[in-house]
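Listed below, chain by chain, are the residues.
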Amino acid sequence: GQQVMQIPQYQHVQEGEDFTTYCNSSTTLSNIQWYKQRPGGHPVFLIQLVKSGEVKKQKRLTFQFGEAKKNSSLHITATQTTDVGTYFCAGPSSPSGGYNKLIFGAGTRLAVHP
Amino acid sequence: NAGVTQTPKFQVLKTGQSMTLQCAQDMNHNSMYWYRQDPGMGLRLIYYSASEGTTDKGEVPNGYNVSRLNKREFSLRLESAAPSQTSVYFCASRAGVGGFTEAFFGQGTRLTVV
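In order, the protein sequence lines correspond to chains A and B.
Residue numbering for the first sequence follows my numbering, starting at 1 and increasing by one per position.
Residue numbering for the second sequence follows my numbering, starting at 1 and increasing by one per position.
I should point out that these hints are in silico values taken from the structure, not numbers from a laboratory.
Be careful, since some hints might not be right.
Stated by the list, open to error - Okay, derived cross-link-like pairs now, BS3-like style, lysine-lysine, Cα gap no bigger than 30 angstroms in a straight line:
id, chain 1, residue 1, chain 2, residue 2
1, B, Lys-9, A, Lys-36
2, A, Lys-70, A, Lys-59
3, B, Lys-57, B, Lys-71
4, A, Lys-57, A, Lys-36
5, A, Lys-36, A, Lys-59
6, B, Lys-9, B, Lys-71
7, A, Lys-36, B, Lys-57
8, B, Lys-71, A, Lys-36
9, A, Lys-36, A, Lys-56
10, A, Lys-57, A, Lys-70
11, B, Lys-57, B, Lys-14
12, A, Lys-36, A, Lys-51
13, A, Lys-51, B, Lys-57
14, B, Lys-57, A, Lys-70
15, A, Lys-70, A, Lys-51
Input sequences plus hints: build the corresponding full structure.
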């Protein structure tokens, strides 16, 4: 079945450094979503990418969707302590699954040291 | 507007006991999901319901059953709890049938099986 792989599993940065997490799917995705989970909290939706090669920005966060729609990345510029948490990518299942399944990557846990 | 509500928030079970985790959403969403989260494993889909009256297996369905009681409610039952089911369980809902809507998560249920 479809797999969504995410690297790295853990990243520790000094405040002000940049951070990137990568997401790779074993199959072509119709779209990809990104979520953030603060420590002790629940996942919260950040953004959705739909088009091949799409790039979206939210302040210091830049999201990209690969040309082949099988990979994506999230880049944070000049991290702040408020960026601490786990970042997940998620993609819907294959057409045979009706796109109703939402499969998550294992997540990248970001630690930011002041 | 409460969003997605899960009960209970915490639970300790003895091996072999049964229990039902409750989930309700007040957003008139069609699709509902149950995930479990274990350290380093991300969010793994247990079961989902694309619409009222339907349920389907996710990635890790063994040891669980679900009921989509009505459009609002989606419950997860552990018939005979095992220590391997110690985890944080999240319920989520999405508006549409299909892959292009964001998921909203409940606060989670922390389950310990001893």
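Against the structure, the hints:
1. At most 30 angstroms may separate the alpha-carbon atoms for a hinted pair to count; Lys-9/B and Lys-36/A meet this at roughly 20 angstroms.
2. With a C-alpha separation of about 25 angstroms, the suggested pair Lys-70/A and Lys-59/A falls inside the 30 angstroms cut-off, and the hint holds.
3. This hinted pair checks out: Lys-57/B and Lys-71/B have alpha carbons roughly 18 angstroms apart, not beyond 30 angstroms.
4. A threshold of 30 angstroms between alpha carbons decides the hint, and for Lys-57/A with Lys-36/A the separation of about 15 angstroms falls inside it, so the pair holds.
5. Our distance criterion of 30 angstroms between C-alpha atoms is met by Lys-36/A and Lys-59/A, whose separation comes to about 15 angstroms.
6. Pair hint Lys-9/B plus Lys-71/B holds up; C-alpha atoms about 22 angstroms apart against a cutoff of 30 angstroms.
7. Proposed proximity of Lys-36/A and Lys-57/B is supported: the alpha carbons are some 25 angstroms apart, at most 30 angstroms.
8. For the hint linking Lys-71/B to Lys-36/A, the alpha-carbon distance of about 27 angstroms falls within 30 angstroms, and the restraint holds.
9. For the proposed pair Lys-36/A and Lys-56/A, the alpha carbon gap of about 16 angstroms is at most 30 angstroms, so the pair holds.
10. Our distance criterion of 30 angstroms between C-alpha atoms is met by Lys-57/A and Lys-70/A, whose separation comes to about 20 angstroms.
11. Straight-line distance between C-alpha atoms of Lys-57/B and Lys-14/B comes to about 26 angstroms, which keeps the hinted pair within the 30 angstroms bound.
12. Restraint check: the Cα-Cα separation between Lys-36/A and Lys-51/A comes to about 21 angstroms, which is no more than 30 angstroms; the hinted pair holds.
13. Distance hint between Lys-51/A and Lys-57/B is fulfilled; the C-alpha atoms sit about 29 angstroms from each other, no more than 30 angstroms.
14. At most 30 angstroms may separate the alpha-carbon atoms for a hinted pair to count; Lys-57/B and Lys-70/A meet this at roughly 24 angstroms.
15. For the hint linking Lys-70/A to Lys-51/A, the alpha-carbon distance of about 11 angstroms falls within 30 angstroms, and the restraint holds.
No hint from the list above goes unmet by this structure.
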